[in-house]
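So the protein lines, in turn, are chains P and E. Quick note: the first sequence uses this note's numbering, first residue 1, plus one each step. Quick note: the second sequence uses this note's numbering, first residue 1, plus one each step.
It should be emphasised that the hints constitute simulated quantities derived from the structure, not laboratory data. The C-beta atom is built at its ideal place from N, Cα and C for all residues, glycine as well. Possibly wrong hints are sitting among the right ones.
Unchecked claim - The list that follows gives simulated cross-link-like pairs (lysine-lysine, DSS-like), each with its CA atoms no further than 27 Å apart:
(1) E/K216 - P/K163
(2) E/K294 - P/K193
(3) E/K78 - E/K247
(4) P/K193 - P/K163
(5) E/K23 - E/K216
(6) P/K163 - E/K294
(7) P/K163 - E/K23
(8) E/K78 - E/K23
(9) P/K163 - E/K19
Said to hold, decoys possible - So, partial list: chain P residues that the calculated Cβ filter (under 7 Å) puts toward chain E:
(10) L91
(11) V106
(12) S245
Claimed, not checked - Stretch by stretch, here's where chain P covers chain E in the computed footprint (C-beta under 8 Å, at least three residues):
(13) 80–88
(14) 106–120
(15) 268–282
Here are the chains, one letter per residue:
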Amino acid sequence: MAAVEMVGKRKYNNLWLDFAGVCILFFLALPTFIVIPMSFSGASYLEFPPESWSFRWYESYFGSSEWMRSTRTSLLVAFLTTIIATPLGSLAAYGLTFTSARVRNVSQLIVVVPILVPVILIAIGVFHLYAKLGLNYTITGIVIAHTSLAVPFVIITVLAGLKNYDFNQELAARSLGASRPRALLTITLPQVKFSIQTGALLAFITSLDEVVVSMFVSGGENATITRRMFNSLRDQVDPTIAAISSCLIIISVSALVTVLIFNRNQSKDQI
Amino acid sequence: MNIASNNQLEGLNSKELAKARRKEGRLFFNLSLPSLITILIVVFIPVFWLSSLSFFDRAGDFSWENYDRIFQSQLYIKTFIVTLKISFITLFFCILLGYPLCYWLSQLPNRLASILMIFVLLPFWTSILVRTYAWLVILQRNGIINDTLISIGWIDEPLQLAHNLTGSIIGMVHILLPFFILPLFASMRSIDNNFIRAAISLGSTPRGAFWQVFFKMSLPGFFAGTVLVFVLALGTYVTPALLGGGKIQMLAQRIDSTIMLYSNWGAASALGVVLLILAFAVIWIFNRAFGIDKLFMR
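Generate the whole structure from the sequences, applying the supplied hints.
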């Protein structure tokens, strides 16, 4: 109950606010899901609601060796990015909590730059750096680029987790004879586990969904799925994209649900 | 005497302790070096290199000619105007939709608000490409909106919703709205409603209490959301490229086409530098006012 409205006389204000709130939530969440029923359409063009149902667009996706190859590339890149960015970012967040405020502030500025710099500038710049190093169109190249885009999300998530953690617990462990690494691994790590897992999932999704850098540095044998989707969308609205999009939506929703379950467990632990 | 020496001892000790703490800080800073170096190599160096190209002419000598060119060419000036216009319109709608939503959520019971926040997080976790595609499907000539409006008889001819400015803005508002909501909601949630009750009991009107207490206390989150939306809107590439139908050229696409179609690196680089200056001016002001950590830390 809104405090302001509670005191105010005109109660209907609240109803309008309820209505507006629900509408805005629908605007946010619904449009994306319209793609899922459409991907089961039997027609050769997109219609809603579909008049006939079929799996033809899924067959066209899973039957295409080109789409399958880029799906494998994307999943491999996202997996490698996750297993590199998660430890790097977690260590960085741990280290930054002990540094002086000044150093931490400068480091945080550096960390948020990859999120805020227009990604087209990163893409063109990296493309030319890689041209000199021969890294364009290689898995290594894409993974390095995606790692630098994913690491900030891991650092931000883990820093937030460490903020709620009482470091005296680590001091207690050390005063009882544990070495610093041991205290970190057995006392601190299990308690910020959920933040690290959330960071890892964010890193995975960041890499899987990344478009602009992938358009420049991936290609040929190693084209990512987003690169192929973007190019195909520029030409026409191919219903196969609806099937692929539905699969990507399922992955995103699963990742988010996992994170929400972590958070629930975490808040239970804290109580 | 005894007390004095004690004080002296403590003073010595605190100096040593501070020194040890600084040393420890430096040691732990090393842990963040792998991340920071990766970001420096993959993001900073390439972007600096690209920016540096704008200060040289085709012969490789230092000159301002690229900047002269982009500020004299109608084409580039139009791109700046379109980019700023779209960014401001997007920001306007994000505030218009985001502020009431956050206020509403912040006044609901915590549990319900957390459940409803899933609707905000869902698009945040979904691919921009997928969401843009969904809007393409919804807004196209024979898309859901046009079909519905025609079948209920409101319009006879399909509206032109996609492949233009309208489509680009709808898509961008949808994509950037969560970036506005997340910091603002965090900010509003930490406001204690007792402050508003106190203001009212001290004679303020409910409306006055809202603007003078609640709104002012929500400002850090409000500005964090504003900065995020505006800066990300300035650099948007994917959404206008797909929903603008080739008619809408924002700075990011102009930079891309200036290099890829016309191989004019100097001009593209100068456009990039202007884009960076715009973005960082906004971020710098925010950093001075609130501190950069308020931008993402919840």
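Cross-check of the supplied hints:
no.: 1; hint: E/K216 - P/K163; verdict: 25 Å, holds
no.: 2; hint: E/K294 - P/K193; verdict: 23 Å, holds
no.: 3; hint: E/K78 - E/K247; verdict: 12 Å, holds
no.: 4; hint: P/K193 - P/K163; verdict: 13 Å, holds
no.: 5; hint: E/K23 - E/K216; verdict: 41 Å, violated
no.: 6; hint: P/K163 - E/K294; verdict: 13 Å, holds
no.: 7; hint: P/K163 - E/K23; verdict: 22 Å, holds
no.: 8; hint: E/K78 - E/K23; verdict: 53 Å, violated
no.: 9; hint: P/K163 - E/K19; verdict: 24 Å, holds
no.: 10; hint: L91; verdict: 5 Å, holds
no.: 11; hint: V106; verdict: 9 Å, violated
no.: 12; hint: S245; verdict: 4 Å, holds
no.: 13; hint: 80–88; verdict: violated (count 0)
no.: 14; hint: 106–120; verdict: holds (count 5)
no.: 15; hint: 268–282; verdict: holds (count 5)
Violated hints, listed in ascending order, are 5, 8, 11, 13; each of the other numbered hints is respected by the structure.
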